[in-house]
Amino acid sequence: MSVWLLCALLFSLICQTEQDGRSLPIKEVEVYVEKTNTSDLGAWVLNVKWRDELKAGNNESRKVSYDVEVYYTEQMWSVHSETIHVTQGNTALHHWKWTSPIPLQCTSHSVRLRRRDQYHISEWTPLYTYKGEDLSATRIKVFPRDQVFMVGSNITFCCILEKENVPSSDSEFVKRISNRTYITKSLHFDSPSSNSDIRCDVNGSSYSGGSTVFIGYPPDDHSLTCVTRNLTSVECRWEMGRDTGLRGVRRTIYTLNGRVCEINKCVLPAVPNQVTNWTLIAKNDLGVKTLTDTADPTHRVLLRAPSKLSHTAHARSVTLEWSWDMTNCTSFPMICRVMLNGSFYNKTFSGKGLSSIVLDHLQPFANYTVNVSCGSDEHFYKWSEWSNITFTTKEDIPEAVDVWFKYFNQNTYVLWKPLNQQQSHGIITQYELTKGKRREIIGINTLCYNVTTGNERSDQNITVSAKNSAGLSLPTTIIIPGYPDNEVHISRISSRNGEWEYFNSTCGYVVEWFPTYTEKQCTVQWKKIPESEHATWYHTWKQNGEKYTVSVYACNENKPVLLQRSEGYAIEQKPSGRVQDLKGKQNGRNLELYWNEVPLQQQKGFIQGYKVITFLSGSKTPVNTTVTKEPRVNLILDPGTYTFHVSAFTSGGYGGNATLIFNMEIKIFQMIVTTVVGCSAATLVFIIITVLCYRKRKWLKKLLYPDIPKPKLAGKWTTKGMYCTQMTEGYMKCEIQEVHGSECPATAESTHGLDLISSNSTLFPAKHFYQNISESPADVSYYPPLLLCAQKLTSIIENPSYNMTIPELDNVAQISELTLEMQDSYLPAPNFVQKDFVVKDSTCYKPQSA
Amino acid sequence: MEGAAESDTPVPGRSAADRAAALARLLHRDCTRLLELYKERESFLSHHVPGGERLVTLALCPEALSTAEQVGHVRSALRRCKELLECLISREVEEMGQELEGEFESLRKTVKDRLGHLVHSTGALLENGEGGCPPSPQIQCDEGQDEVEGSGSFAAKLWTYRVLLELIHWTDSASQTLHVFHTETQGQQQQQLL
Chain A
1 MSVWLLCALL FSLICQTEQD GRSLPIKEVE VYVEKTNTSD LGAWVLNVKW
51 RDELKAGNNE SRKVSYDVEV YYTEQMWSVH SETIHVTQGN TALHHWKWTS
101 PIPLQCTSHS VRLRRRDQYH ISEWTPLYTY KGEDLSATRI KVFPRDQVFM
151 VGSNITFCCI LEKENVPSSD SEFVKRISNR TYITKSLHFD SPSSNSDIRC
201 DVNGSSYSGG STVFIGYPPD DHSLTCVTRN LTSVECRWEM GRDTGLRGVR
251 RTIYTLNGRV CEINKCVLPA VPNQVTNWTL IAKNDLGVKT LTDTADPTHR
301 VLLRAPSKLS HTAHARSVTL EWSWDMTNCT SFPMICRVML NGSFYNKTFS
351 GKGLSSIVLD HLQPFANYTV NVSCGSDEHF YKWSEWSNIT FTTKEDIPEA
401 VDVWFKYFNQ NTYVLWKPLN QQQSHGIITQ YELTKGKRRE IIGINTLCYN
451 VTTGNERSDQ NITVSAKNSA GLSLPTTIII PGYPDNEVHI SRISSRNGEW
501 EYFNSTCGYV VEWFPTYTEK QCTVQWKKIP ESEHATWYHT WKQNGEKYTV
551 SVYACNENKP VLLQRSEGYA IEQKPSGRVQ DLKGKQNGRN LELYWNEVPL
601 QQQKGFIQGY KVITFLSGSK TPVNTTVTKE PRVNLILDPG TYTFHVSAFT
651 SGGYGGNATL IFNMEIKIFQ MIVTTVVGCS AATLVFIIIT VLCYRKRKWL
701 KKLLYPDIPK PKLAGKWTTK GMYCTQMTEG YMKCEIQEVH GSECPATAES
751 THGLDLISSN STLFPAKHFY QNISESPADV SYYPPLLLCA QKLTSIIENP
801 SYNMTIPELD NVAQISELTL EMQDSYLPAP NFVQKDFVVK DSTCYKPQSA
Chain B
1 MEGAAESDTP VPGRSAADRA AALARLLHRD CTRLLELYKE RESFLSHHVP
51 GGERLVTLAL CPEALSTAEQ VGHVRSALRR CKELLECLIS REVEEMGQEL
101 EGEFESLRKT VKDRLGHLVH STGALLENGE GGCPPSPQIQ CDEGQDEVEG
151 SGSFAAKLWT YRVLLELIHW TDSASQTLHV FHTETQGQQQ QQLL
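Just so you know, the sequences run in chain order A and B. Once you know that position 460 of the first sequence is 460 in full-length UniProt numbering, the rest is easy, because the numbers rise by one and skip nothing. Once you know that position 178 of the second sequence is 178 in full-length UniProt numbering, the rest is easy, because the numbers rise by one and skip nothing.
In short, the hints are calculated from the structure, not lab data. Nothing here was measured: the structure is a model prediction, and the numbers come from that model. Keep in mind that a hint or two might mislead.
Example chain B residues on the side facing chain A (calculated, C-beta under 7 Å, incomplete) [to be verified]:
(1) Phe44
(2) Val49
(3) Gly51
(4) Glu95
(5) Met96
(6) Gly97
(7) Gly152
(8) Ser153
(9) Phe154
Derived CB-CB ranges, DEER-like [what the hints assert, rightly or not]:
(10) Ile84/A - Glu86/B: 50 to 58 Å
(11) Gly287/A - Glu86/B: 30 to 38 Å
(12) Glu103/B - Val174/A: 50 to 58 Å
(13) Val45/A - Leu65/B: 34 to 42 Å
Glycine included, C-beta positions come from ideal geometry on N, C-alpha and C.
Using the sequences provided together with the hints, build the complete structure.
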């Protein structure tokens, strides 16, 4: 049973489904495009409307879907399919929009639909077609054209050709979608351009079509601000946004509260004391931008710049007048500010309908540029633009002249400073100088006047005034003291520069200064220092290395009294000049260098000393460096050629070198004189000593060589001669006959000798004799007793020349050549030596020259 | 402007025909330059070869024309050209706005002024105004634009291009015709002097 029931239910459902599929609930289908200004040039949105007959019951809703398919009609290419889900209520009308990738004019588009719900799927509707222009166009047409697109858009163009035509090979229309329609690929436009073109050339024909489209941005303006300038109209302005890229008829159109505006300005009537809304709509083909502003116009008063600004100038004030380009300004409270020569005036001015102000405390005869701007004083919003005017104040009498005096070359001068623009109050035409009852008119170029009267010992009372078109200045009186009797002591400026001792002055102090070395009658400068100020003066001299003389005066009842005078340099520099006349003077090995100091104007500071560098000529290494405070120096130098560099120095450094090349030489004449004098002195001393010795010789002899008592002999001495005989075999035989002396002392050694002699004859081998003598001179000393005796003996030899006749004494021939010389009482010993043999020193023997 | 002194500064001793011929030559150069500038601005026209008929034709004149009649003929064409140029300017101003003031816009105004001066000058050369040709009907600004392919801005650009070509053609024709006219007039004057 249940099986039969189930089969029956299934059959029933199948039958119902087949019945619903055949029924078509979608009725009144309408396919169209919306008409706009540019839809004829390219329509992109396809609208489909239909009515569903199977609407839900009252207060009942159910979900329904519709399948929609879009085709290119001619080729029946499906270009879009979509299922639309709707909740169907009481309304059975449906509207679906589809945006086509190509303009709908390019070719015909067909749409069909079917209904789908939880239980049923209807049949497809017939095709509903929107006809393209490819069915009717008689000439080439390109879509879209003359349309505006947003930057960044992708656009597909289509070209409808005439029958049988095809696009040229280089055309961008590459895809055929109908018999006459070709489309491009999707083209990307990424920058604004007032126009972009695409051509559709026909193959084999000169005819061509094309399209121009415009790429840009929607409006992007901002900051709408509305102000009133005259309380009758409101002027609204706004900041322009980025350039839309669209021009001409496609530009952005602005409307303010429905009124078309200029590019960035709009004017509407003002309704004072009422809050007003202003709405600006900026619109172009790509979009709309709405800006709003709300305010009471009286709170938005931005006055125009004061107009017709005029002036009435006086010496120290000016009256400014202007007018307003608004009718109801007289009751409007205003506040105005003034800018005077670029600086704000120290006060503002306010009043209803303000149109005149007075500026005071101005400088006479000065150019001024005045700017005036005003605003609402009640509900201040903003200052107006500036109005400006330039004027010159009138002249006034000059300020008093600053007067001073100067002695120069026994003359007295009065000096005064020229008045600057702030002091002159006009154009100075002359100066008037009064001395006693005499009045002098002095031209404006003279600032120094000789008031010497000849009686310079007395004080002079001088008065000076300046004059311009407004009159004479107040007179300045100075009492010039008589010419000083004594020279003024001038000190050096110390570290306490510019300070002076307190002095009981009644009218302050005066400091004057002038360049020391270029003093003229009018070069002095001065500064008057009030008594109330500290007795200190500082001044920056422009020129370093320049020596200035600074004097301090105390002013006492207009009469200056000199307190102190000093000289100095602001900043010392190294000397710019060199020492002068560098010279040298030699005295033996001493050299004195001396020079004159650096010229005063070139010293550039106080000279602290001099540096002397000594070089040996040809050498770069100094042999001596000396620093001296005096302009001279003594040097001890060896003979030679020297180069001396002498430079003066100050605290600022060393100056340039003065150079001297000097040759230190020994003088021959001087040396000879010295030698001769020395020798003469020695000779004289010797002579004196000799004379003294001669005259005192007895005393001297007695002192040095007292007499030796004579020995007393007992017997007699033989005084016979000596005989020598040549023997055979080289021997010589000498015989002394009766040689008996009493004077030869008898010593132990001599005793032996005497013994030999007393034997009457001695035999000497001759050869051995010579050899002993020659080989060992010391051996000679072995015989002194003999020789000593021999000496004494010679006195009795008759032949003093020693030319003894020795028969056949050939072997000792040399002996005969010897020359003996007798001296005093001594006898020379026989010189038994060869020519080159010299016997030195002997107690009883004095060598003689051969 | 090149050659500006040639036309703007009157040269003593030159005849009116000579001056008109010089002005036509100058105008021809201006129009040639104007086309170059336009092609620079509208680059798609760089290789464009316009099709269709001439915008300015004067078909009603008899075949055999004297030089003076040819001058009148040319003058009539120049007047048409001037009208076309005025249409062109007004259309571009509407399309592009007033704010564009480049070299093209400046030269375009100069050409318009000189073209008017040339029309006036050639008219003064002719004793009976138009010479042998009847006056052409005045051109309407939208006339001719439908004859080009397509429509809208693109069509206007093609039309502008054709107008500029007409200007070049007729100013060249005017310079040649006026030169011949000047030569003949000068010869006649010399014969009269002899």
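Tested hints:
1. Satisfaction of the interface hint for Phe44/B is found here, the shortest Cβ-Cβ separation to chain A being roughly 4 Å, below the 7 Å cut-off.
2. The closest approach between the C-beta of Val49/B and any C-beta of chain A is roughly 6 Å, which is under the 7 Å cut-off, so the hint is satisfied.
3. Interface hint status for Gly51/B: upheld, as the beta-carbon distance to the closest one in chain A is roughly 4 Å, under 7 Å.
4. The interface hint given for Glu95/B is met, as the beta carbon of that residue sits about 5 Å from the closest beta carbon of chain A, less than 7 Å.
5. Because the beta carbon of Met96/B sits about 5 Å from the nearest beta carbon in chain A, less than 7 Å, this interface hint is met.
6. Taken as an interface hint, Gly97/B checks out: its beta carbon lies about 4 Å from the nearest beta carbon of chain A, inside 7 Å.
7. With a least beta-carbon distance of about 4 Å to chain A, the hint placing Gly152/B at the interface is held under the 7 Å criterion.
8. Of the supplied interface hints, the one on Ser153/B holds, with its beta-carbon coming within about 4 Å of a beta-carbon of chain A, less than 7 Å.
9. Because the closest C-beta pair between Phe154/B and chain A is about 4 Å apart, less than 7 Å, the hint holds.
10. For the pair Ile84/A and Glu86/B, the supplied restraint of 50 to 58 Å holds, since their beta-carbon distance comes to about 55 Å.
11. The hinted range of 30 to 38 Å is satisfied by Gly287/A and Glu86/B, whose Cβ atoms lie roughly 35 Å apart.
12. Taking 50 to 58 Å as the suggested C-beta distance range, the pair Glu103/B and Val174/A does not conform, at roughly 37 Å.
13. Distance hint check for Val45/A and Leu65/B: the Cβ-Cβ separation is about 60 Å, which falls outside the suggested range of 34 to 42 Å.
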